[in-house]
Every structure is written in structure tokens, then in C-alpha cells.
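Listed below are the residues making up each chain.
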Amino acid sequence: EVQLVDSGGGLVQPGGSLRLSCAASGFPVSDNYMSWVRQAPRKGLEWVSLMFGGGNTYYTDSVKGRFTVSRDTSSNILYLQMNSLRVEDTAVYYCARVRHGAGIDYWGQGTPVTVSS
Amino acid sequence: DIQMTQSPSTLSASVGDRVTITCRASQSVATWLAWYQQKPGKAPKVLIYKASILESGVPSRFSGSGSGTEFTLTISSLQPDDFATYFCQHYSTFPYTFGQGTKLEIK
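These protein sequence lines map, in sequence, to chains A and B.
Numbering-wise, my numbering comes out as the position in the first sequence, counting from 1, plus 1225.
Numbering-wise, my numbering comes out as the position in the second sequence, counting from 1, plus 25.
Just so you know, the hints here were simulated from the structure itself, not pulled from any lab data.
Be aware that a few hints might be false.
Claimed, not checked - Here are the simulated distance ranges between beta carbons:
id	chain 1	residue 1	chain 2	residue 2	range
1	A	Ser1299	B	Phe119	24 to 32 angstroms
2	B	Thr97	A	Ser1342	38 to 46 angstroms
3	A	Gly1241	B	Ser90	39 to 47 angstroms
4	A	Asn1281	B	Pro105	40 to 48 angstroms
5	A	Asp1297	B	Val40	45 to 53 angstroms
6	A	His1325	B	Ile131	31 to 39 angstroms
7	B	Ser39	A	Arg1267	19 to 27 angstroms
8	A	Gly1326	B	Pro105	31 to 39 angstroms
The beta carbon of each residue, even a glycine, is placed where N, CA and C say it ideally should be.
Go ahead and model the full structure; you've got the sequences and the hints to work with.
See the structure below:
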């Protein structure tokens, strides 16, 4: 069974850092497209990053240079390292599996990040 | 970036009604479009992908159509479980942007 479990969210001050984790089961993250998507409070969905199976990663403009996606293939975990956090990064962050040519088929449960002083 | 615009933002309807939600792209996305349903406090769930393909396990009352820049999601006969927020999303080129959402409310 495919499952994604998000963790690592919390309260952090502006300028701080946080690392989110997405533990995957039922499939190898290294063979799939994986994304992070966020949703600010009472707002819509925003695509943050897309990592291809080969490791190339796209980032949305607002997080370029601050956020980095990585993966541990032995543990089958996807990470989102978030540095220089801003108030506007406050959101629930979801890990998601992307099917090539078919959009997202599985989502994590989300982990909340609050950036506030 | 390709902008996705949904209409209406809010839709009030009754059980048994047929409803349609529209999604427009600022440039062609061919049929690289998905529809998701989201309930409060939960992750979205995919309903339709490639504009018109019903995800496995999704009730057949949901259907999608369109190509290029204009797309629709139709629910043929609303059920109580369908009251939720619906998002379209293109996956033509990165960033894969979402529409702003349509909240479907009970009339």
C-alpha cells in the first residue's frame, strides 16, 4: 500500500530554518516524481518543488535559493530543507507523489509550519 | 507562469443537483489538467487527470472535459459527501499551478 507520512513542521522565527520529512512506503521515491505542495491558512494550493527520478529538481520562484529538496534512498524519505524562512512561508506542507503525465495520485497528511516572531 | 482561474469561487447547490465548475488557463495546457477535491483539514484527493480520465475508485457522477485553455468538472447528481472545495491544476510546464478553488456549499 502506498503511504506518505509528513513530519517536521513547527513554529520558527523569521530567518530560521526547518527540515520537513516525508516517509514513503509502498514504492521507491528514487523511481518517482516527488513534490512538495503548500497551503497557507484559508488559502489555495501552491506547488513548491518537483524532484524527478534522476534527481533534478524544480523550485517555484518564491523559494529558490532558500529551500532544498533531497532524498535518502536507503530510508525512502524525501526531505525539504527550508532556510531563511519568512512569515509568508507559513502553511501546511504536503509531500506528494506525481505520476508522469497524470498529476498527483498520493498525498501525505501535511505538516504545519508557522513562521512568526 | 501559467495562471489558472476557476469559476465560480463559491457555489451553492442542493443534493441531486447537477453542477459544473470551470477552469481557464492563461495559455494552452493541452489536456495536462487534473481536478482535486479537498475537505477541511484533509489533503486533496484526485478526481480526474488528463482532463477527462476518472481516477480509479472515484464515483462516475464526476466527469471532466476540455482541452487547451478551458476545462470543466461536472458532478451529475450531488451527494452529501460532495460538499467540499475543488481545485484544478495544470501539469504542462513547471510550476504546476493550481486554480484558487471552488467551494461547493449546501443550499
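*Which hints from the list above does the structure break, by number from lowest to highest?*
Violated hints: none; all satisfied.
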